[in-house]
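*Asks:* Each chain, letter by letter, is given below.
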Amino acid sequence: MHGRPRKAPKPEDEAASTAKAQKLRALQTQFFSFHHSKIYTKETVELSAKLLEINPESYTAWNYRKLAVEHYLSQPDCNPDTAKSVLDDELRVVESALRQNFKSYGAWHHRKWVLSKGHSSIDHELRLLDKFQKADFRNFHAWNYRRFVAELMNRSEKDELKYTEDMIYTNFSNYSAWHNRSVLLSALLEKKAEGFLSKENVLPEEYDFIHQAIFTDPDDQSGWFYHLWLLDQTVTTDHPLLVSTWPAHGSDVLLVEDRCQNSSSFSPFTTLLSDSGSFPIVLYFNQPVEGVSSSTVVMECRFNKNEDLLWEPLSVSNLQTAQVWVAHLKFPTSELDSSVKISVGYTKEIISTRGSLYSHPSTFSFKVHVQPVERDSSQVSVAENILWREENFKVYRAQSEESIPIASFDHLSIRNDHESTASNWQTEALAKEVECFRELLSLMDCKIGKLTLARLLMAYDAMSFPFANKLVHSEEVLELYNDLMKLDPTHHRYYKDEHSLVLLQKMTSSKESLLQHCFQYKDSVSSAIGKPICLRLNNLSLSRIRAFERLLWVQILDLSHNELESIEGLEAMQLLSRLSLGNNKLRSLTALEPLRKLKSLRVLDISYNQIGDHSIDTTRYLCSSPLSHSVGSELNNDESVINNVALINYWEAFYMFKDLNLNRLDIVGNTIADEKFKSVLVRIMPSLKRLDGELLD
Amino acid sequence: MDDIPPYPPIDPTTFDLIVIGTGLPESIIAAAASTASKSVLHLDPNPFYGSHFSSLPLADLPSFLSTHSTSPSSPRPHSSEDSNEFSVLDLSTRPLYSSIDISCFSPDLLDQNSRKFNLDVAGPRVFFCADKSIELILNTGANQYMEFKSIDATFVGDNKGNLLNVPDSRAAIFKDKSMGLKEKNQLMRFFKLVQGHLAGELDVKISDEDLQSPFVDFLNKMGLPPKIKSFILYAIAMADYDQEDTGVCRDLLKTKDGIDQLALYNASIGRFQNASGALLYPIYGQGELSQAFCRRAAVKGCIYVLRMPVTALLVDKDSGCYKGVRLASGQDIFSQKLILDPTFKVTLPSGSSPPPPLQAKLPFFSQKDDRGKIARGICITATSLKPDMSNFLVVYPPRSLFPEQATSIRLLQIASNLAVCPPGMFVLYISALCDGDDQGKKLIHAVMNTLLTVPPINSESNAAVQSETTESGKPTLLWSALYNQDLTLGQVDFICSTPMPDGKLNNDYLIDVAVKLFKKIYPEDEFFPQTSSENPEDDGDGDVSPET
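Going line by line, the protein sequences match chains Y and W. Each residue of the first sequence is one higher than the one before, starting from 1 at the first, in UniProt numbering. Each residue of the second sequence is one higher than the one before, starting from 1 at the first, in UniProt numbering.
By construction, these hints were calculated from the structure, which means they are not laboratory data. We put the beta carbon where it would ideally sit given N, CA and C, even for glycine. Do not take every clue at face value.
[What the hints assert, rightly or not] According to the in silico footprint, chain W covers these stretches of chain Y (three or more CB under 8 Å from chain W):
| no. | stretch |
| --- | --- |
| 1 | 170 to 176 |
| 2 | 205 to 213 |
| 3 | 439 to 446 |
[Unchecked claim] Pairwise CB distance ranges, derived in the manner of DEER restraints:
| no. | chain 1 | residue 1 | chain 2 | residue 2 | range |
| --- | --- | --- | --- | --- | --- |
| 4 | Y | T236 | W | D245 | 51 to 61 Å |
| 5 | W | D245 | Y | D166 | 38 to 48 Å |
| 6 | Y | N424 | W | R399 | 42 to 52 Å |
| 7 | Y | D136 | W | Q195 | 17 to 27 Å |
| 8 | W | L198 | Y | D488 | 23 to 33 Å |
[Claimed, not checked] Below 30 Å or equal to it, Euclidean Cα-Cα: the simulated DSBU-like pairs (lysine-lysine) are:
| no. | chain 1 | residue 1 | chain 2 | residue 2 |
| --- | --- | --- | --- | --- |
| 9 | Y | K199 | W | K175 |
| 10 | Y | K447 | W | K221 |
| 11 | Y | K432 | W | K229 |
| 12 | W | K177 | Y | K134 |
| 13 | W | K256 | W | K175 |
| 14 | W | K175 | Y | K162 |
| 15 | Y | K134 | W | K192 |
| 16 | Y | K348 | Y | K191 |
| 17 | Y | K131 | W | K175 |
| 18 | Y | K486 | W | K205 |
| 19 | Y | K162 | W | K177 |
| 20 | Y | K432 | W | K175 |
| 21 | W | K175 | W | K160 |
| 22 | W | K182 | Y | K486 |
| 23 | W | K182 | Y | K162 |
| 24 | Y | K199 | Y | K447 |
| 25 | W | K175 | Y | K158 |
| 26 | Y | K447 | W | K182 |
| 27 | Y | K162 | Y | K112 |
Throw the hints in and build the complete structure from the sequences for me.
*Replies:* Here's what the structure looks like:
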């Protein structure tokens, strides 16, 4: 039960509990001997009942009773009547056990098992539940069992919904009741039951309902939980959508094997240096999907066959589900001007993790120009030798006629196709919510209210301007998170993360704001035109990063001097060739895992982080480890490569770096980076030419 | 009163205490004294228990009221002769009720059912689940003689006949349909502030300065809107006078007292599992409470004689000290102590002069403190004021019905499931504090006109009256009794006398007076000492809980 202070046991209580334990132990010993010898007589079964009455948590006894029941039911003389009486006995035992402890998992589970035999009356169950739910209306065991019984007796969801309402009116601090309500509503909406045809009809009323709870007592969490569920239901589009691609629709991509000297007509945003003879095509969805393959995504071009395109999920875990998918398109070495057309989802096999079908087929096309050039070795080294110093960068001045991929989002046909899906009621509902919580905050200081308002504003911006990419409320949201960091230091890191994400979304939301962060590497040798842009998001005190869907084009990225602890999601930036993560708060090599998916990465700066500072790497357990099968097998195969290194000590380094094709790595300023470690790195990565600035042989 | 049956003589003739009148304070004192092993004789001139606190059949109520509305025309003939040892002081009754106005619009219907009514003389009156009466009932075991039911809801009324639900708990605020989100938030925050203050949480402590200030000022300081202020002041703290007009307010509630009231209300909600709200009402009416204490007293040896008027007091000739009483039967009974109900006043014997010590005392006794009046009304209808609801309280805050309304008017509707009327009927008790008869009538009429259809006076025989409601949708009045009652206080003096029913909604004040009187006459004895062995099955909780 709730709100009852614990009392210290009195001496006589302790004596009683000792006596009880003694009795229990004797019973238990006796019981186990019967159990082992598989004796199922009336007396032995009776003994287990006695045991369970004292200790309902004895799951062995419950299992023994299950075996005994099975034994009786399998007797040749067993008829429906005797079966019923055997099972009724079980129900009685469960009931008395529940009276002892109505939160006993074993007892509730046993009851379910008995009921599922189908010989018992279900009507009695609802009466029993009423009793238990009255004794403690928040007993989630009872609620759980209620769902089971309701399903078994085919009780309508509407009746159950009414029941949750009654319980909520009795006391709205009832997470179980609100939860059950969300489960029932989801079921009703899915069925499109009468009166529950669409969220549009149901959710506004639910918002009104939950407001009563939240305004009456903003300190009660259960209401906020339900509100969060409603918000999720409002903003989540059921069907997966394609959010962005690289190359973008209508773009001209210049592919060179090295920096091109006379490519004046091409934008640095779409000029790609490629030394592998292929370039990536990236599909970025709004949620993780599966089923992306050459049969669901059809590529048409002159120089390559669709069937040769292999679509891979970009996920850190090795699931066949990912939000981002990539395929590598080979291009010929001869000069080429060709267009590529890609059609997504015309056969219906792309499915979200929630089971919704990708139902908005879309097509995008772009032009590819291949320009073979003669090599110039002196300039190659410039690219490798990028130094992340302030004086080496200058603000990029966009040519007026230049096509910039972010700008082209506005008229991407694939997005326009979806315009109809964002219907008005959602924007209206969110606008109402925003107004509502502004009022709450005008009445009182409320942390969760501020957080909710911040979430609502972001959802509102995303919903009402999905194609303009304008975030009208971002300043206000940032201010709310700043406030929260001060008001609620306990959750500072969470607010900081959210703040970072909003900041990134704001910076990437428009062409103007993004251009402020576009720089060119200072290079006296050649003109700016045709050289890739460096996106500099340094010194912003970011703790997390996001908005990758707008950054798929980036080849050079500076994230130095932030507070990053994680680079989750960075794997989407398939074109990255040079990356600085220097002066951040990365704590382990495993935190770098997304980098393993970046096949173009050549230059990496992870200097001055905290790798090796902490002896216990808390992220390790979330990532692959040598103990997981996938990694273990790789290790075994490659063991010969570095057989004279104590691999066991450096498995993380091996795992992280062996597939990276780095030319240059800066790792100075991390505890882990001692001489021995560096020598291991050199062995792991034969491609490495410079380590911490020093030229290697 | 004239055809008094012959009385058997009472034996013994000497008691520790004689209590006259079986009203609530008298019954409590009789029970407490019996429990303290005193020999007690408890007398009442009426053939029923409860005196001014009784619940009476329909036909008996008017005669009871009128009996106490006029002074007896002449002193009784047989009470004036003095004996050798003591002087005889005649007791006469005071008029306690005035401007009694009984109207019957449906004689047939009511005549058939007269005995099925139990009408409270001192209504409206209820219990808070955590108030002193309930504590006392539990402590004394009087709960074995009574059963309660929960009052379903409290409303605040306006002059258009609307009844607004009073959100008096967290669940009620959540459920309320008439308040806006902002108001819900403000009200709940105020409740939490009070709860935090009462729980002694330091960060929400209400300052001493605030506690001493008027409650209404504190509510204003908290920024509560007028509607919510009105809920708190008049429907939860149950203030009597207009708190926002210091000109007419005779009882300005201090924050401290207001918060105590809120605490009582809060503690009342959910105290008993089967009581949904804060308020309780006894089955068979409020008269049951006095009777329960009388039974409690009888169990402890108190002797009861009903239908026994007392005609005179016997006082010591020399000292003027109280000696005993003379009964209507002519018998003289003696006791150490006497408790008198407020009906009586002592008149100086004509012809003979009282002993000197009395001459100084008597004027004080006879000249009772007049604390204004309370207007009461009882109405009977055949339709509930609120469909689907039987038992509820309605408060009309000051100025809610007409601008000059200076006091709260309270209305309690009780239905037949509390055994106060025949099935299908409803009893409405209305009361308001007032200064004079006209003002009192105006207050009661204002409520009746707002909520009821009052048939024209000359239409008593009109069959149309029998229809349950008129076109306006208001219940039709079948019968009404309007009367004003004097608010006499209890006295602790030469003779101890108990107070009349007060203007409050519950009995806490009356219990305080009973305790005070008991302490006065028996300073050495404990008022109902805790004896856990007496009712071993009664653990103090649950037994009192109203029937489901």
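*Asks:* May I ask which of the numbered hints given earlier this structure violates, with the numbers listed in increasing order?
*Replies:* Checked against the structure, no hint fails, so every one of them is satisfied.
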